[in-house]
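*Asks:* One letter stands for each residue in the lines below.
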Amino acid sequence: MNPVKSLKAQKSELGESAFQLKVLNDEHRLGQKISLFRDKLKEQSLFPLKPTKLDIFQINVGKMCNQVCKHCHVDAGPDRKEIMTQETMQQCIDVLAKHKFSTLDLTGGAPEMNNNFRWFIEEIRKVDADINIIVRCNLTIILANPKYHDLPDFFRKHRLEVVSSLPATSASRTDSQRGDGVFEDSIKALLMLNEVGYGKEDSDLKLNLVYNPAGAFLPAGQAGLEKEFKRVLSTKFGIVFNSLFAITNIPISRYLDYLLVSGNYASYMDKLVEAYNPVAAENVMCRNTLSIGWDGYLYDCDFNQMLELKVDAKSKHISDFDFEELSNRSIIVNQHCYGCTAGAGSSCGGEVA
Amino acid sequence: MSSYYNSEDLPKFGKIGEFGAKDLAKDFFKYYGETFKDGALTEREKSLIALAVAHTMQCPYCIDAYTTDTIQKGCTQDEMMEAVHVAAALAAGVKLVHSVQMINKAKEVTM
Numbered sequence: 009m010n011p012v013k014s015l016k017a018q019k020s021e022l023g024e025s026a027f028q029l030k031v032l033n034d035e036h037r038l039g040q041k042i043s044l045f046r047d048k049l050k051e052q053s054l055f056p057l058k059p060t061k062l063d064i065f066q067i068n069v070g071k072m073c074n075q076v077c078k079h080c081h082v083d084a085g086p087d088r089k090e091i092m093t094q095e096t097m098q099q100c101i102d103v104l105a106k107h108k109f110s111t112l113d114l115t116g117g118a119p120e121m122n123n124n125f126r127w128f129i130e131e132i133r134k135v136d137a138d139i140n141i142i143v144r145c146n147l148t149i150i151l152a153n154p155k156y157h158d159l160p161d162f163f164r165k166h167r168l169e170v171v172s173s174l175p176a177t178s179a180s181r182t183d184s185q186r187g188d189g190v191f192e193d194s195i196k197a198l199l200m201l202n203e204v205g206y207g208k209e210d211s212d213l214k215l216n217l218v219y220n221p222a223g224a225f226l227p228a229g230q231a232g233l234e235k236e237f238k239r240v241l242s243t244k245f246g247i248v249f250n251s252l253f254a255i256t257n258i259p260i261s262r263y264l265d266y267l268l269v270s271g272n273y274a275s276y277m278d279k280l281v282e283a284y285n286p287v288a289a290e291n292v293m294c295r296n297t298l299s300i301g302w303d304g305y306l307y308d309c310d311f312n313q314m315l316e317l318k319v320d321a322k323s324k325h326i327s328d329f330d331f332e333e334l335s336n337r338s339i340i341v342n343q344h345c346y347g348c349t350a351g352a353g354s355s356c357g358g359e360v361a
Numbered sequence: 002m003s004s005y006y007n008s009e010d011l012p013k014f015g016k017i018g019e020f021g022a023k024d025l026a027k028d029f030f031k032y033y034g035e036t037f038k039d040g041a042l043t044e045r046e047k048s049l050i051a052l053a054v055a056h057t058m059q060c061p062y063c064i065d066a067y068t069t070d071t072i073q074k075g076c077t078q079d080e081m082m083e084a085v086h087v088a089a090a091l092a093a094g095v096k097l098v099h100s101v102q103m104i105n106k107a108k109e110v111t112m
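Chains as they are written, first to last, in the working numbering: chain A, 9 to 361; chain B, 2 to 112.
Just so you know, these hints were derived from the structure itself, not from any lab. Errors might be hidden in some of the hints.
For the chain A half of the interface with chain B, some residues (derived, Cβ under 8 Å), not all of them [claimed, not checked]:
| hint | residue |
| --- | --- |
| 1 | A176 |
| 2 | T177 |
| 3 | S178 |
| 4 | S180 |
| 5 | P221 |
| 6 | P227 |
| 7 | A228 |
| 8 | E236 |
| 9 | E282 |
Far from chain B, by Cβ distances over 10 Å, these chain A residues were calculated [what the hints assert, rightly or not]:
| hint | residue |
| --- | --- |
| 10 | G23 |
| 11 | R46 |
| 12 | K108 |
| 13 | H157 |
| 14 | F245 |
| 15 | E290 |
| 16 | N296 |
Note that CB positions come from ideal geometry on N, CA and C, so glycine has one too.
Based on the provided sequences and hints, a complete structural model is requested.
*Replies:* Okay, structure coming up:
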């Protein structure tokens, strides 16, 4: 049974970022001493971790969502009211007009639930017709309300890349992570996206799926999972998509809560540390990404954003954006970063090594 | 030793070479790793076979490892359970096929 309220609304201690950081650094809970992530980086002369190039501009336009997934690192849900205003969106547009980024990555919550979502996309296209815009669409939002039914057409019109979560090809495992009925609605939404041209081999309309493990384990190889998802979704439902991104669950927020409640926390952290991959560490996404919060504050990644670890720079807000300074900042790391360096590595675009 | 099987021992498997016969361990793990790579069979198919064998061998370490591995590789609960049924059916068949010997012997010694 999925939670109906966010941790924040439940007034759970884990709804507070400071408490999450305390847990992550509590050796007693781990039952053993684990190396500090920063020390791992030091071993390969990567500390302090520096950006390679600011290339991906990732905006979290709000924490409101129609789903309450068990693993959500945002602790998103219908009860979250933190939503980016049009004024902050305009500040983001001003930055995009001045500086060149290859990708604009829109996430949430359900980004489409921000009332200014469509206006925002239209305005961005006016200042940068070519930037690759990703929308992290949870699929079910398309069916949640008649006002969202035309989203596939809107995405197509503005040539958005759609990236959607689907943790399994079965209803039971998908629903156990994302809520009752989510698999069925996700399948319907994927068919609607295919219908307008998304996910087809010869189409420029990219439809990529995100695989997050529905439990306390790491993802298997991305290529094998993609092959299996393509086989099953095509044969069972006639669905096509472009690529599958395998993403490791980061032990913060609701996923950290799940690990603690299920008694899997210590073994999961052990798995992450054991699987530390120096090549993945060199390619972590925070080196080419900048994350903007719903209130305009700047972070190294969406996970640091949820832990309220603002960038280590004077330029901490979109209204005070300093490209040079941010390009040379030191990236803030903590123990949750082991999630991005385990095995083949993990980023918002899947494996990195 | 308080118990012969401890889940904490599973991660130590990869370090058996530290106790002795290092080269043999190294060769074994190389062979093991190569065996499970994609080939004529996919990694996923091999993992399901390993899950069935783990039950046949009644190895708690292997059941632990290959339950997680098959889930990681996207196998469904039905696929996992069917793999175990294959192992169980084989195990039952192995017993039952010996009844042919029993029948032969019975025919030999009776009128």
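*Asks:* Hint by hint, note whether the structure agrees.
*Replies:* Hints and how they fare:
1. A176: holds (7 Å)
2. T177: OK, holds: T177(A) within 8 Å of chain B, min 7 Å.
3. S178: holds (5 Å)
4. S180: holds (7 Å)
5. P221: The hint holds - P221(A) has a Cβ within 8 Å of chain B, the shortest such distance being about 7 Å.
6. P227: It holds, given that the least Cβ distance between P227(A) and chain B is near 6 Å, below 8 Å.
7. A228: holds (4 Å)
8. E236: Cβ of E236(A) sits 5 Å from chain B, so the hint holds.
9. E282: With a minimum Cβ separation of about 7 Å from chain B (threshold 8 Å), the hint on E282(A) holds.
10. G23: Consistent with the label, G23(A) stays out of reach of chain B, its closest Cβ about 29 Å off (over 10 Å).
11. R46: holds (24 Å)
12. K108: holds (38 Å)
13. H157: holds (30 Å)
14. F245: holds (15 Å)
15. E290: About 24 Å separates E290(A) from the closest Cβ of chain B, which puts it past 10 Å; holds.
16. N296: holds (28 Å)
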